[in-house]
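Using the sequences and the hints given, assemble the complete structure.
Spelled out from the first residue to the last, the chains are:
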Amino acid sequence: MNKLEREIIDTIAEESGIDRDDIKSDSDLYSLGIDSLSSLEILALLEEKFNIIIQDTELKNINSVTEIVRLVSSKIEKKES
Amino acid sequence: MKVGLMALSGVRVRNEKLVKLGVTLPQFVSRGNVIAQLPSLSLLIIASVTPEDVEVDYVEVPDVSQVREPNPSYDLVAITSYSAQIHEAYELADRYREARIPVIMGGTHVIAESAEAKRHADSVAIGEAEVLWPKIMEDFKDNRLQPFYKEENPGTYDLSSSPIPRYDLLATKNYNRITVQTSRGCPHDCEFCAGSKLFGQGFRQKPAGLIVREIEKIKEKWPKPFIEFADDNTFVDKKWSGDFLEALIPLKVKWFTETDISVAEDEELLKLMYQSGCYQLLIGLESTSKVSLDGIDTHNWKLKQRDRYLEAVHRIQSNGITVNGCFVVGLDGDTPDIFKDIRDFIEKSKLLEAQVTVLTPYPGIRLSRRLKQEGRLFKDQYWDRCTMFDLNFKPKNMTPEDLEKGLLWIFGEIYNEKEYLKRKRHYMDIIKTLPKRGK
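Chains A and B, in that order, are what the protein sequence lines are.
Once you know that position 48 of the first sequence is 47 in numbering that gives the first Met the number 0, the rest is easy, because the numbers rise by one and skip nothing.
Once you know that position 155 of the second sequence is 154 in numbering that gives the first Met the number 0, the rest is easy, because the numbers rise by one and skip nothing.
No lab work stands behind these hints, which were simulated from the structure alone.
These numbers were taken from a predicted model, which means no experiment stands behind them.
Be aware that a few hints might be false.
[As the list claims (entries may be wrong)] One side of the interface only, derived from the structure: several residues of chain A facing chain B at Cβ under 8 Å:
{"hint": "1", "residue": "A12"}
{"hint": "2", "residue": "G32"}
{"hint": "3", "residue": "L39"}
{"hint": "4", "residue": "A43"}
{"hint": "5", "residue": "E46"}
{"hint": "6", "residue": "D55"}
{"hint": "7", "residue": "L58"}
{"hint": "8", "residue": "K59"}
[As the list claims (entries may be wrong)] As a list, the in silico DSS-like pairs of lysine-lysine whose alpha-carbon atoms are at most 25 Å apart:
{"hint": "9", "chain 1": "B", "residue 1": "K218", "chain 2": "A", "residue 2": "K23"}
{"hint": "10", "chain 1": "B", "residue 1": "K417", "chain 2": "A", "residue 2": "K59"}
{"hint": "11", "chain 1": "B", "residue 1": "K431", "chain 2": "A", "residue 2": "K59"}
{"hint": "12", "chain 1": "B", "residue 1": "K421", "chain 2": "A", "residue 2": "K74"}
{"hint": "13", "chain 1": "A", "residue 1": "K59", "chain 2": "B", "residue 2": "K19"}
{"hint": "14", "chain 1": "A", "residue 1": "K78", "chain 2": "B", "residue 2": "K431"}
{"hint": "15", "chain 1": "B", "residue 1": "K303", "chain 2": "B", "residue 2": "K339"}
{"hint": "16", "chain 1": "A", "residue 1": "K74", "chain 2": "A", "residue 2": "K48"}
[As the list claims (entries may be wrong)] Just a sample of chain A residues kept apart from chain B, beta carbon distances all over 10 Å, derived:
{"hint": "17", "residue": "R19"}
{"hint": "18", "residue": "S26"}
{"hint": "19", "residue": "I75"}
{"hint": "20", "residue": "S80"}
Ideal Cβ positions, reconstructed from N, Cα and C, are used throughout, including at glycine.
Take a look at the structure:
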């Protein structure tokens, strides 16, 4: 698990109140008890934390921790390039 | 002794075109799934007033055709169902009775159609479980079940005496949302309301402390629960509301409820809702048309609110609470223009979610009596089509074909992915302007 993944998982744990150890890189959000509205709050928090903007079309199919990590890392890469 | 407590579960839609379209629409599917996965609170309440020496089984029946044979370990079965699934409930009841296992039926449909239900049950419960079930159990043990058990003074049961529902009967992994009831009834008396009057006319609330104890019980099983308050109108009494929300904050739960648009008038209340974990309010806006709103409730309360709808939705959502705006089509004032009007309102108001349903004459309500008198019901018996998505009567100012066409059109407009994602993005922008919940 890289630093970014760890930070994202920390944010999910902080926002959802779920124990950090219960959140794995490949965890499905719904199985963790994170519904659609909670996931939007997590994404809003990640936008602020990493100073990125997620487009509405990119909110499609964000159903797992892996997908959040992929989205956020692609946004950071784009910003840095 | 063992009692099987059974509820027909899931959402039903008979209109094939709508079924075909609906499954391709993410928001439609999403809310349908949430509803289908909610536990049956009435069964959990029945279980809580069952004598301790009686074993109870909690059973949800999503599809009666999948029930192979009656469970022979039951001495008694209690079945509840909404109108749309009542024929499936009757089939289940008939099978248990054929197996010589007595059946009790209850619930909103059965209250309205008790004689019909009696043909499929040994006893019919007409009223609230807390009042009737202990007597039913006592009579069953003494082998003297009565054909009907009717609550003497409906709507007078004191909710402060409510037992804590038996949440322990639910399998933890099967539920993402848990239902809690804070109140029964609603003061608005809408002609089409199927839920708020069948258990009596009054509006009754539980004390905040009792609700807190229920949620604490839930947290023993689900440490971070999402609570769906199973109310008709939670925030009627603003003083109670403040006390209740203050008591909710330390519990750190997320929650959803149904209420009316008046909550938008109280900024402090909205802030407390957000802080206490409110994610969504489901609000019956009913219509964008003043002609259609005229006369839907006894005091024309909803018509009087219409001019404030846009501002009210904005104010609630600006406080970090999403609104699921509910609209009913097929009202007497509706013309084929209503579909575009509602679509435009949803777009302009940026409602995160919207629910458009067809006016439904449920058995036993004022609307069905009026439509029957006016000779507008398609059939006398149409319970399996009481789905809120199927038309059962002749609309006043449009043809049935206009209504079906309009419904399919508006579903495609408001539930398509592109529009839904735009509204989600709007919610994220709001959240970023607010402090974290619980602060």
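Checked hints:
{"no.": "1", "hint": "A12", "result": "violated (11 Å)"}
{"no.": "2", "hint": "G32", "result": "holds (6 Å)"}
{"no.": "3", "hint": "L39", "result": "holds (5 Å)"}
{"no.": "4", "hint": "A43", "result": "holds (4 Å)"}
{"no.": "5", "hint": "E46", "result": "holds (7 Å)"}
{"no.": "6", "hint": "D55", "result": "holds (4 Å)"}
{"no.": "7", "hint": "L58", "result": "holds (5 Å)"}
{"no.": "8", "hint": "K59", "result": "holds (6 Å)"}
{"no.": "9", "hint": "K218(B) with K23(A)", "result": "holds (23 Å)"}
{"no.": "10", "hint": "K417(B) with K59(A)", "result": "holds (9 Å)"}
{"no.": "11", "hint": "K431(B) with K59(A)", "result": "holds (20 Å)"}
{"no.": "12", "hint": "K421(B) with K74(A)", "result": "holds (19 Å)"}
{"no.": "13", "hint": "K59(A) with K19(B)", "result": "holds (21 Å)"}
{"no.": "14", "hint": "K78(A) with K431(B)", "result": "holds (20 Å)"}
{"no.": "15", "hint": "K303(B) with K339(B)", "result": "holds (22 Å)"}
{"no.": "16", "hint": "K74(A) with K48(A)", "result": "holds (12 Å)"}
{"no.": "17", "hint": "R19", "result": "holds (13 Å)"}
{"no.": "18", "hint": "S26", "result": "holds (14 Å)"}
{"no.": "19", "hint": "I75", "result": "holds (18 Å)"}
{"no.": "20", "hint": "S80", "result": "holds (24 Å)"}
This entry does not satisfy hint 1, going by the numbered hints stated previously; all others are met.
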